[in-house]
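Enquirer: Below are the chains, spelled out letter by letter.
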Amino acid sequence: MFLLLPFIIWLFDTSVSSEISFGKFKAAFSVGVWGLPGFFIKLITLGLIWAFLHHLIAGLRHLYMDATHSVTKEFGKSSAITVLILSIGLTVVLGAKLFGLY
Amino acid sequence: MSVNFGSKRIVVGAHYGLRDWLAQRVTAALIALLTAVVLFQIIFTSGEIGYDKWAAIFSGQFMKSLTFATILALIYHVWVGMRDIWMDYIKPTGIRLFLQIFTIVWLLACAGWAIQVLWRL
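Protein sequences appear in the order of chains A and B. Residue 102 is where the first sequence ends in this note's numbering, and the numbering goes up by one at each step. Residue 1121 is where the second sequence ends in this note's numbering, and the numbering goes up by one at each step.
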C-alpha cells in the first residue's frame, strides 16, 4: 500500500479530474495502461482492496481489544481468524464485481 | 529484569506511550469514516455512476474538507506505521535514516499530489 500510493492517487486523479481523464481511468481496467493489460490492473487493484480491508478490519479488532480489554490468548486467536475470514470473504465478493461476474 | 524506567530508562526510538498510540487510532478512525461515507454514497446513488456522479461525491465543500483532513491523517498514519517497521527491523543507523527520509519525502510528495487533485475539483 505504501509503495502503490502513487497508483491510488493516479486512480483518484484520473477518475475525478475530467470526463476525458475518467475515460482513461475506465480504459485502464479494460484495455490496460503503461503497457500492462487491463486484467493485471484489476488484479493489482484487488490486491490493494484486500490489503486495505484486512488492515481496516484488523484495526477494528485492535480498537475492540483496547476498549474491552479482551486480551486472552484464545480471543487473540479466534479474532485473528475472524479478521482473515471477513477480509478474504469481502475481497472475493468485490473481486467478483471487479471482474464482472455479476 | 533490568530496570528500564525513571532515570534508568533506555531511550531509543520515538514517542513512547500514549501519543502515537492515540494518533494511530484517531487517524485510522478518520480514514474509516471517509471510507464509510464514500461507500454509503456509492451504494445509495441510483443508476450507473459515471463521471458526473463520481466527481460530485468529492466536489462539495464538506466532502472536500473531510477528504483533505483524511489525506493528512492517512499520511501521518502511514508515517507512524512505516517508521515503526524501520525501527523494529532495520538496525544499521545509516540505512534506517535513509529509509526514514525516503518515507517522509515519498509521503509528502503523495500528499501534495492528492491535495492538488482535490483542490482543482
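Since the hints were derived computationally from the structure, they do not count as laboratory data. Every residue gets a Cβ at the ideal spot worked out from N, C-alpha and C, and that includes glycine. Keep in mind that a hint or two might mislead.
[Said to hold, decoys possible] If we take Cβ atoms under 10 Å as the criterion, some of the chain A residues that face chain B in the derived model are:
hint, residue
1, 9
2, 12
3, 16
4, 59
5, 74
6, 75
Enquirer: Any hints from earlier that this structure breaks? Give me their numbers in increasing order, please.
Expert: 5, 6
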